[in-house]
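Engineer: We have chain L already, so just place chain W on it with the hints.
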Amino acid sequence: MAERVAIKEGLFTWPSDNPELIGSRCQQCGETAFPAQPDCRACSSRETHAVGIGNRGTLWTWTIQSFMPKTPYLSDETPESFRPYGVGYVEMPCGVRVEARLHENTPDALEIGMEMELVIEPFRTADNGDQVMIFAFRRATEGAPT
Amino acid sequence: MSEVAIIGIGLHPFGRTADMNGMQQGAAAVRAALPDAGLEWQDMQFAYGGSQDGGNADSLVNELGLTGLQFTNIWNGCATGGSSLHAAYSAIKSGEYDIGAVVGFDKHPRGAFNPQPREWGLEDWYGETGLMLTTQFFAMKIQRYMHEHGIAREVLAKVAEKAFHNGSLTPHAWRQTPMPAEEIANSMMVSDPLTKYMFCSPAEGGAALIVCNADIARRFTQKPIYLKAAVVRTRYYGSFEVFSPSQAPAVAQAPTVTAARTAFELSGIGPEDVDVLQLQDTESGAEIMHMAENGFCEHGEQAHLIMNGHTRIDGNMPINTDGGCLANGEPVGASGLRQVYEICVQLRGEGGARQVPNDPKVGYTHVYGAPGLSGVTVLTT
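First to last, the protein sequences are chains L and W.
The first sequence maps to residues 1 to 146 in the working numbering.
The second sequence maps to residues 1 to 381 in the working numbering.
Okay, chain L solo, but in the shape it has when bound (with noise of 0.2 Å):
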């Protein structure tokens, strides 16, 4: 049976019905990075642990990707079922800012300093049927939980 699995373990809490993303904090400098990853970019050290950084955030900047990707592109599309999709990075509580596709895709619907929220959401179909997740981000739903 088909099952639901994260595009690389360990990017965001999954399965879950509250997901969030995962970075890494420093233990030495206090740092937070995302992707997790067993080294500080800031101070050198090799001690990190993995941290939930939130799944709520602010646009920082975005744009939109009007074309399809060549590889390493990899999704169900075709060059004539592709959507313009937009990309931003957000602005997490720890001040760590992620890149990510955005589901609002025009100009007019996309404007700095906007909440967002995370999505996890289905993004491929694997060679073997399961549903390939990614994390995305949209605009906040008024007075959802934090």
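None of these hints come from the bench; they were simulated from the model.
Cβ coordinates follow ideal geometry from the N, Cα and C atoms, glycine included.
Possibly wrong hints are sitting among the right ones.
Taking lysine to aspartate or glutamate and the DMTMM-like style, the derived pairs with C-alpha atoms no more than 25 Å apart in a straight line are [unchecked claim]: (1) L:Lys8 with W:Glu119; (2) W:Lys196 with L:Asp108; (3) W:Lys93 with W:Glu3; (4) W:Lys196 with W:Glu154; (5) W:Lys196 with L:Glu104; (6) L:Lys70 with W:Asp124; (7) W:Lys93 with W:Glu241; (8) L:Lys70 with W:Asp53; (9) W:Lys196 with W:Glu182; (10) L:Lys8 with W:Glu241; (11) L:Lys8 with L:Asp108; (12) L:Lys70 with L:Glu20; (13) L:Lys8 with W:Glu350; (14) W:Lys93 with W:Glu154; (15) W:Lys196 with L:Glu20; (16) W:Lys223 with W:Glu350; (17) W:Lys196 with W:Asp53; (18) W:Lys223 with W:Glu154; (19) L:Lys70 with L:Glu80; (20) L:Lys70 with W:Glu119; (21) W:Lys196 with L:Glu77; (22) L:Lys70 with L:Glu121; (23) L:Lys8 with L:Glu20; (24) L:Lys8 with L:Glu117; (25) W:Lys196 with L:Glu80; (26) W:Lys361 with W:Glu265; (27) W:Lys361 with W:Asp53; (28) L:Lys8 with W:Asp124; (29) L:Lys70 with W:Glu123; (30) L:Lys70 with W:Glu241; (31) L:Lys70 with L:Asp127.
Reference listing, derived: stretches of chain W covered by chain L, where coverage requires no fewer than 3 residues with Cβ under 8 Å from a Cβ of chain L [as the list claims (entries may be wrong)]: (32) 10-21; (33) 116-124; (34) 131-143; (35) 180-191.
Structural biologist: Leaving out everything else, chain W in the frame of chain L:
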């Protein structure tokens, strides 16, 4: 330590040359640079060269002659040309060699670059999900920059308009047709806020320089150009760079800022002394941001300078007099050396229709590229 001079320059025109492979275009550039210095390949004691898609530069000896010289391949992303020149600069400054060649060439397929994540220390998911495009990065960087510094979209079109105008004055440029700013602004949106004609394209071409110990430069030319500084710097923790799945909470200067500062310190020359300059204009926004990052103005001053013509050939800060990357395209291995070629042409006073007036004496070049590195030079008559 020895000073370094550029005594020969050569170019194989950028754009598309269907009947020549990349290496042949590199060889053509060397064959143009050697007679410019009154020298032959057999006179070269060393060479540095690089290419992204055109093959190993040291294989050029198969075309130019197997003379046994030290030939070292350089590959350093978009700063490949700048890094080759830096290596030659160091070889001469150290006193190890007196005369050598620097060459860059490339021949890229059409369309945007498609880098592989693993070659850049990144994981496959980053490329598979469509986040690893240089076009996106440049669009997002200028989007944020315009927001922070109040720069209007019309400035982006004005930069490209100037590039195509300068290209129309440059016999070897790829894009030689002027284009009004309105047409640039209204062309297809590629990556908001950047339209089709605000981006340069991967291309083909070759560029070569003959360099020597400055003490002997006048044996070969009446117009040596002195390479006062050549500096390459990589990104710092906290700077906003291409191919970054995330940015650090800390904010640091771009590598361009530190490369420029170091080059000005080494040369004892300041940005106010520069008469003609080349700034990496992978797209319109890059030229705007690089004006300030290199120290030629404050952040936010660019709109005034550009809209009032200061960056044109007849302005007081002429930028990319040959049309830059926008009008010449970007063969990665050759692009940084094309910049130096153009500054040498300007400082020799050989620019023809695109010559900067009033005998420019100090020039400057700057490349920036993946994965966050910058190469700059300071050049004088």
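Engineer: Is lysine 70 (chain L) within 25 Å of glutamate 20 (chain L), Cα to Cα?
Structural biologist: With a Cα-Cα distance of about 29 Å, the restraint between lysine 70 (chain L) and glutamate 20 (chain L) is violated, given a limit of 25 Å.
Engineer: Is lysine 70 (chain L) within 25 Å of glutamate 121 (chain L), Cα to Cα?
Structural biologist: holds (22 Å)
Engineer: Test coverage of the stretch 131-143 of chain W by chain L using CB-CB distances below 8 Å; three residues minimum.
Structural biologist: holds (count 8)
Engineer: Between the alpha carbons of lysine 70 (chain L) and glutamate 123 (chain W), is the straight-line distance 25 Å or under?
Structural biologist: holds (17 Å)
Engineer: Can the restraint linking lysine 8 (chain L) and glutamate 119 (chain W) be considered satisfied, given a maximum Cα separation of 25 Å?
Structural biologist: holds (18 Å)
Engineer: Given the hint that lysine 361 (chain W) pairs with aspartate 53 (chain W), test it: the Cα-Cα distance must not exceed 25 Å.
Structural biologist: violated (35 Å)
Engineer: Quick one, are lysine 8 (chain L) and glutamate 20 (chain L) close enough, alpha carbons at most 25 Å?
Structural biologist: holds (14 Å)
Engineer: Given the proposed pairing of lysine 70 (chain L) with glutamate 80 (chain L), does the C-alpha separation stay at or below 25 Å?
Structural biologist: holds (14 Å)
Engineer: Does the alpha-carbon distance linking lysine 8 (chain L) and aspartate 108 (chain L) stay inside the 25 Å limit?
Structural biologist: violated (32 Å)
Engineer: Is lysine 70 (chain L) within 25 Å of glutamate 119 (chain W), Cα to Cα?
Structural biologist: With Cα atoms ~16 Å apart, lysine 70 (chain L) and glutamate 119 (chain W) stay inside 25 Å; holds.
Engineer: Take the C-alpha atoms of lysine 70 (chain L) and aspartate 127 (chain L), compute the straight-line distance between them, and say whether it is at most 25 Å.
Structural biologist: OK: lysine 70 (chain L) and aspartate 127 (chain L) at ~20 Å, within 25 Å.
Engineer: Can you confirm whether the C-alpha distance between lysine 196 (chain W) and glutamate 77 (chain L) stays at or below 25 Å?
Structural biologist: Distance of about 23 Å is within 25 Å: holds.
When held up to the earlier numbered hints, the structure conflicts with 7, 11, 12, 13, 14, 15, 18, 27, 32 and fits the remainder.
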